[in-house]
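K.L.:
Chain residues, written in single-letter form:
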Amino acid sequence: MAQSSVVDQTAIKFAQTVITIWILVAGALAAPWLVAFLAAALATSAGSPSRSLFRLLYERAAVPLGIVRPRVIPDDPAPHRFAQGVGAAFLALSTLALFVGASTLGWVLAGLVAALALLNVVVGFCAGCFVYYQLSRRGWLPRRTQGA
Amino acid sequence: MREPLLALGILVLVGATLWLWLASRQSRARRAGAPDLVETYHARGAGALVLAFTTPDCVPCKTVQRPALEALEQQYPGRIVIGEVDALIEPQLAARFGILTVPSTVVIGPAGDVRAINNGTATAERLATQVGLNGQPGDIGV
Chain X
1 MAQSSVVDQT AIKFAQTVIT IWILVAGALA APWLVAFLAA ALATSAGSPS RSLFRLLYER
61 AAVPLGIVRP RVIPDDPAPH RFAQGVGAAF LALSTLALFV GASTLGWVLA GLVAALALLN
121 VVVGFCAGCF VYYQLSRRGW LPRRTQGA
Chain L
149 MREPLLALGI LVLVGATLWL WLASRQSRAR RAGAPDLVET YHARGAGALV LAFTTPDCVP
209 CKTVQRPALE ALEQQYPGRI VIGEVDALIE PQLAARFGIL TVPSTVVIGP AGDVRAINNG
269 TATAERLATQ VGLNGQPGDI GV
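Protein sequence lines, in the order shown, are assigned to chains X and L. Quick note on our numbering: the first sequence kicks off at 1 and runs consecutively. Quick note on our numbering: the second sequence kicks off at 149 and runs consecutively.
To be clear, the hints were calculated from the coordinates, so they are not data collected in a lab. C-beta: ideal position from N, C-alpha, C; glycine also. Any given hint could turn out to be false.
[To be verified] Pairwise CB distance ranges, derived in the manner of DEER restraints:
id, chain 1, residue 1, chain 2, residue 2, range
1, X, 72, L, 222, 36 to 42 angstroms
2, L, 172, X, 67, 37 to 43 angstroms
3, L, 165, X, 140, 38 to 44 angstroms
4, X, 55, L, 169, 21 to 27 angstroms
5, X, 73, L, 204, 28 to 34 angstroms
6, X, 99, L, 243, 39 to 45 angstroms
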């Protein structure tokens with residue numbers, strides 16, 4: 001991790017909250033195009049954080065309106081971007097399933113993304129960390145020595 | 149509208165099953181207790197022992213969980229013993245408490261009673277409540 005790297009933890013939780021609400025609305029309206037839009041937004045966010053829709057909403061609306069307060073701490077942004085990429089991939093698969101008629105599978109995949117995002121917001125359970133730990137535990141990832 | 153509801157039902161069912169499985173694992177760990185660890189970490193005279201499970205690659209362990217534990221130590225000096233455990237080096241200890249992810253924390257009382265198992269990050273306030281010290285929140289700030 002670069003020494004200068006910082007991450008706004010509130011921005012991450014804000015994005016996860018938006019994702020959860022968005023998927024719930026998409027499900028309630030049975031609107032696959034909303035899932036497709038979210039998949040694209042998440043992919044953009046992972047690939048080019050400066051053009052992230054969530055960041056835009058956070059910086060231009062949520063913070064100025066005083067809805068949330070930034071909490072910037074030293075952190076590596078790479079795992080967060082990776083998690084967004086995984087979320088985008090799941091939502092892309094969900095979109096595909098929804099448009100080819102496998103609606104239940106499509107909504108299960110979208111619901112899974114919403115559930116994992118909500119779990120992190122509410123109880124601090126990081127799905128990416130879980131996967132990474134389980135893979136390391138089984139020796140499927142190279143092991144590093146304990147750092148700082 | 150039927151498919152989203154069916155999907156929600158499937159997710160709720162799978163989630164409930166996983167939750168029950170996790171709860172039963174943790175219940176076994178609680179019943180067994182951990183007086184041996186109180187001795188190992190010399191925590192008999194303290195209010196509680198907090199085991200913090202981590203791995204070298206775990207970023208939130210360093211950026212979120214560790215600052216919360218440090219804040220807890222500062223808030224209640226001498227009353228909490230914190231033991232950091234590399235879950236990859238001590239997999240038996242992680243398995244004993246049903247640790248699923250890192251960071252995770254286990255709160256153990258001075259008599260070896262397992263008070264709480266937190267899979268995922270736990271705030272200083274939450275840990276203080278589990279330890280039984282949460283009389284004065286406020287300035288912990290993590």
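K.L.:
So, for every hint listed, does it hold in this structure?
P.N.:
Quick rundown of the hints versus the structure:
{"no.": "1", "hint": "X/72 to L/222: 36 to 42 angstroms", "verdict": "violated, 21 angstroms"}
{"no.": "2", "hint": "L/172 to X/67: 37 to 43 angstroms", "verdict": "holds, 39 angstroms"}
{"no.": "3", "hint": "L/165 to X/140: 38 to 44 angstroms", "verdict": "violated, 25 angstroms"}
{"no.": "4", "hint": "X/55 to L/169: 21 to 27 angstroms", "verdict": "violated, 37 angstroms"}
{"no.": "5", "hint": "X/73 to L/204: 28 to 34 angstroms", "verdict": "violated, 19 angstroms"}
{"no.": "6", "hint": "X/99 to L/243: 39 to 45 angstroms", "verdict": "holds, 43 angstroms"}
Hints 1, 3, 4, 5 from the earlier list are contradicted by this structure; the remaining hints agree with it.
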